[in-house]
Amino acid sequence: MTDNILQGALFTVMVMRVGGVNGASLEQTLRNQITRSPQFFANAPIVLDLKDSGGFSETREFLEMKRILASLTLVPVGVQNANPEQRIAALAAGLGTLTAPATSRRSAAAAASAAIPSRASATPAPAPASQTKSLLITEPVRSGTQIYAPGGDIIVVRSVSAGAEIIADGHIHVYGALRGRAIAGATGDASARIFVGRLEAELVSIAGRYLIHEDIAPAHLGQRVQIVLQEQRMVVLGSG
Amino acid sequence: MAQVVVVTSGKGGVGKTTTAAAFATGLAQRDKKTVVVDFDVGLRNLDLIMGCERRVVFDFINVINGDAKLNQALIRDKRLDNLYVFPTSQTRDKDALKREGVARIIDELKQSFDYIICDSPAGIEHGALTALYFADSAIIVTNPEVSSVRDSDRIIGLLASKSRRAERNEKPVAEHLLLTRYSAERVARGEMLTVEDVKEILSVPLLGIIPESETVLRASNTGTPVILDTESPAGRAYDDAVARLLGETRELRFLRPERRSLFRTIFGRA
Chain A
1 MTDNILQGAL FTVMVMRVGG VNGASLEQTL RNQITRSPQF FANAPIVLDL
51 KDSGGFSETR EFLEMKRILA SLTLVPVGVQ NANPEQRIAA LAAGLGTLTA
101 PATSRRSAAA AASAAIPSRA SATPAPAPAS QTKSLLITEP VRSGTQIYAP
151 GGDIIVVRSV SAGAEIIADG HIHVYGALRG RAIAGATGDA SARIFVGRLE
201 AELVSIAGRY LIHEDIAPAH LGQRVQIVLQ EQRMVVLGSG
Chain B
1 MAQVVVVTSG KGGVGKTTTA AAFATGLAQR DKKTVVVDFD VGLRNLDLIM
51 GCERRVVFDF INVINGDAKL NQALIRDKRL DNLYVFPTSQ TRDKDALKRE
101 GVARIIDELK QSFDYIICDS PAGIEHGALT ALYFADSAII VTNPEVSSVR
151 DSDRIIGLLA SKSRRAERNE KPVAEHLLLT RYSAERVARG EMLTVEDVKE
201 ILSVPLLGII PESETVLRAS NTGTPVILDT ESPAGRAYDD AVARLLGETR
251 ELRFLRPERR SLFRTIFGRA
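So the protein sequences, as listed, match chains A and B.
Here the working numbering is used: the first residue of the first sequence is 1, the next is one more, and so on.
Here the working numbering is used: the first residue of the second sequence is 1, the next is one more, and so on.
These are calculated hints, taken from the structure and not from any lab test.
Incorrect hints may appear among the rest.
[Stated by the list, open to error] Examples of chain B residues lying across from chain A (beta carbon under 10 Å, computed):
1) VAL146
2) ARG150
3) LEU202
4) LEU206
[Said to hold, decoys possible] Restricting the straight-line Cα-Cα distance to at most 25 Å, the calculated cross-link-like pairs of lysine to any residue (SDA-like) are:
5) B/LYS78 x B/GLY123
6) B/LYS162 x B/GLY13
7) B/LYS171 x A/ILE147
8) B/LYS171 x B/GLY66
9) A/LYS66 x A/GLU27
10) B/LYS69 x B/GLN111
11) B/LYS32 x B/SER112
12) B/LYS94 x B/GLY66
13) B/LYS199 x A/GLU27
14) B/LYS199 x A/GLY222
15) B/LYS199 x A/LYS66
16) B/LYS171 x A/LEU136
17) B/LYS162 x A/ILE155
18) B/LYS199 x A/ARG158
19) B/LYS162 x A/PRO218
20) B/LYS162 x A/GLU165
21) B/LYS199 x A/ILE137
22) B/LYS171 x B/HIS126
23) B/LYS171 x A/VAL157
24) B/LYS162 x A/THR138
25) B/LYS199 x A/LEU221
26) B/LYS11 x B/GLU248
27) B/LYS162 x B/ILE64
28) B/LYS162 x A/GLU139
29) B/LYS199 x A/GLY163
30) B/LYS162 x A/ARG233
No residue lacks a Cβ here, since even glycine has one placed at the ideal position from N, Cα and C.
Using the sequences and the hints, build the whole thing.
Rendered as structure tokens:
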């Protein structure tokens with residue numbers, strides 16, 4: 001159908017350090033932590049950090065760990081900081097390898113390389129603290145203003161006036177009326193979408209494709225819509 | 001504490017000077033010591049509307065350049081004791097408005113006045129930006145018509161980004177929307193934007209609606225601020241707006257087309 005079924009995506013995911021703890025005490029420590037907030041951990045994907053860990057050079061050990069984690073409702077999806085031997089053993093146990101972020105703080109490049117495929121788990125990854133690069137605009141965006149959200153989404157709580165321009169590398173959300181221009185996926189992300197509370201836009205664009213006001217079906221004008229790119233064509237979807 | 005109020009719009013011809021003159025007069029009538037300052041260098045009009053054009057000796061630019069003292073340039077209104085007009089120069093251009101010079105003058109005016117009304121030139125260039133830079137509050141003059149609304153939107157954006165309050169991260173400039181040249185008949189016929197349309201697009205609190213009225217033109221030609229014409233709907237609407245600026249609650253008037261009286265119909269005086 002589409003020529004690109006694989007797409008990058010970023011997730012927040014828990015990382016568990018396994019170095020320096022033995023199996024029994026690790027299980028107990030985890031169990032204590034999980035019983036405190038079971039909702040938060042339910043079916044959560046988890047990455048094993050093998051830094052400073054002895055062992056884990058055999059698939060059997062990973063399978064055992066998977067069994068323990070499954071009993072605690074956790075879903076292991078991969079390992080990081082693995083040596084070549086550990087990597088092969090993990091892979092045989094169905095765990096992918098992720099590159100560890102350079103620092104504990106998430107940089108865009110590191111987060112991108114640490115990204116896991118969205119099919120890894122049906123549950124969305126828990127997001128404890130918001131560290132996204134979204135740009136939140138709570139004031140009306142006035143005519144003549146240009147706002148760019150590099151590397152992230154832009155969220156406008158109020159309206160975007162005619163003659164104003166909002167640009168994001170990711171998605172665009174406008175809760176009020178969009179009367180100006182909205183350019184999503186500015187660096188080429190064709191999966192970016194534009195969500196609009198009331199569509200009255202001069203121009204909407206995703207990854208270089210665009211619609212001007214005249215191209216928008218009258219039935220969609222003044223409506224709550226989302227705009228997506230399907231097979232290189234801009235499609236306006238009603239709120240349904 | 002002295003208040004600096006800029007009367008601005010972006011678009012020309014919407015009624016900025018008329019509004020500045022009306023507000024200055026209305027505030028002076030309410031015992032506020034007020035000066036109205038003409039920032040429209042090169043297109044000196046405020047003194048005409050205020051009826052003091054024959055008494056201009058020194059101007060804004062003379063004071064900026066140190067050629068005259070502030071007191072020499074201020075013209076006292078003949079009708080109201082605590083109303084002064086600060087005229088601008090007709091022979092210079094906006095570049096003569098140097099930011100430091102203007103700052104010095106505004107500070108000096110703040111020492112002796114309650115209200116400093118700045119009549120902005122049209123546009124979004126140096127003149128208009130200088131006029132709005134020092135503002136504590138702004139009256140955004142808008143006609144119920146798309147181009148005027150869009151220009152006002154632009155100016156509101158500049159107030160939020162280019163004013164001194166914005167630069168210093170202080171409390172933002174207080175914005176007030178004033179709809180002028182409002183014709184209830186034309187709105188009813190769908191030829192003009194409704195009050196609700198304009199409020200929706202600009203999302204700024206409404207200070208007042210001034211009906212389109214021939215008395216405004218007459219007032220300009222005679223050099224009498226229209227607010228002094230208590231018979232005129234425009235004059236009364238300005239009086240309401242000044243009261244609201246000072247915190248009074250007054251109901252909006254002149255929103256519906258006027259009924260022609262039987263008398264006027266019979267005698268054809270409509």
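Hints versus structure:
A hinted interface residue such as B/VAL146 counts as satisfied when its beta carbon comes closer than 10 Å to some beta carbon of chain A; here the least separation is about 8 Å, so the hint holds. A cut of 10 Å between beta carbons decides the hint on B/ARG150: the least distance to chain A is about 5 Å, and the hint holds. For B/LEU202, the suggested interface contact is upheld, since its CB lies about 8 Å from the closest CB of chain A, less than 10 Å. Annotation: interface hint on B/LEU206 violated; nearest CB of chain A at approximately 15 Å, more than 10 Å.
At most 25 Å may separate the alpha-carbon atoms for a hinted pair to count; B/LYS78 and B/GLY123 exceed this at roughly 32 Å. Our distance criterion of 25 Å between C-alpha atoms is met by B/LYS162 and B/GLY13, whose separation comes to about 23 Å. A distance of roughly 22 Å separates the Cα atoms of B/LYS171 and A/ILE147; the hinted pair therefore holds under the 25 Å criterion. Restraint check for B/LYS171 and B/GLY66: the C-alpha separation of about 32 Å exceeds 25 Å, so the hint is violated.
About 11 Å separates the Cα atoms of A/LYS66 and A/GLU27, which keeps this hinted pair within 25 Å; it holds. Restraint check: the Cα-Cα separation between B/LYS69 and B/GLN111 comes to about 15 Å, which is no more than 25 Å; the hinted pair holds. Restraint check for B/LYS32 and B/SER112: satisfied, since their Cα atoms lie roughly 11 Å apart, inside the 25 Å limit. Among the hinted pairs, B/LYS94 with B/GLY66 is consistent with the structure: their alpha-carbon atoms are about 17 Å apart, no more than 25 Å.
With a C-alpha separation of about 61 Å, the suggested pairing of B/LYS199 with A/GLU27 is violated against the 25 Å cut-off. Taking the CA atoms of B/LYS199 and A/GLY222, the gap is about 17 Å. The hint holds against a cut of 25 Å. Taking the CA atoms of B/LYS199 and A/LYS66, the gap is near 60 Å; set against the 25 Å cutoff, the hint is violated. For the given pair, B/LYS171 sits about 20 Å from A/LEU136 by alpha-carbon distance, which is consistent with the 25 Å threshold.
Annotation: proposed proximity of B/LYS162 to A/ILE155 holds, straight-line Cα distance about 23 Å (limit 25 Å). At most 25 Å may separate the alpha-carbon atoms for a hinted pair to count; B/LYS199 and A/ARG158 meet this at roughly 14 Å. Distance check on the hinted pair: B/LYS162 and A/PRO218 sit about 38 Å apart at the alpha-carbon level, beyond 25 Å; violated. In summary, the hint linking B/LYS162 to A/GLU165 is supported, as the alpha carbons are separated by about 18 Å, within the 25 Å threshold.
Under the criterion of a C-alpha separation no larger than 25 Å, the hint pairing B/LYS199 with A/ILE137 is consistent with the structure, at around 20 Å. For the hint pairing B/LYS171 with B/HIS126, the CA-to-CA distance comes to about 23 Å; that is within 25 Å, so the pair holds. Of the supplied pair hints, the one linking B/LYS171 and A/VAL157 holds, its CA atoms being roughly 21 Å apart against a limit of 25 Å. The hinted pair formed by B/LYS162 and A/THR138 meets the criterion: a straight-line CA distance of about 18 Å does not exceed 25 Å.
At most 25 Å may separate the alpha-carbon atoms for a hinted pair to count; B/LYS199 and A/LEU221 meet this at roughly 20 Å. As the CA atoms of B/LYS11 and B/GLU248 are separated by approximately 29 Å, the hinted pair breaks the 25 Å bound. Distance check on the hinted pair: B/LYS162 and B/ILE64 sit about 22 Å apart at the alpha-carbon level, within 25 Å; holds. For the hint linking B/LYS162 to A/GLU139, the alpha-carbon distance of about 16 Å falls within 25 Å, and the restraint holds.
A hinted pair counts as satisfied when its Cα atoms are at most 25 Å apart, and B/LYS199 with A/GLY163 qualifies at roughly 17 Å. A C-alpha spacing of about 40 Å is found between B/LYS162 and A/ARG233, which places the hinted pair above 25 Å, so the restraint is violated.
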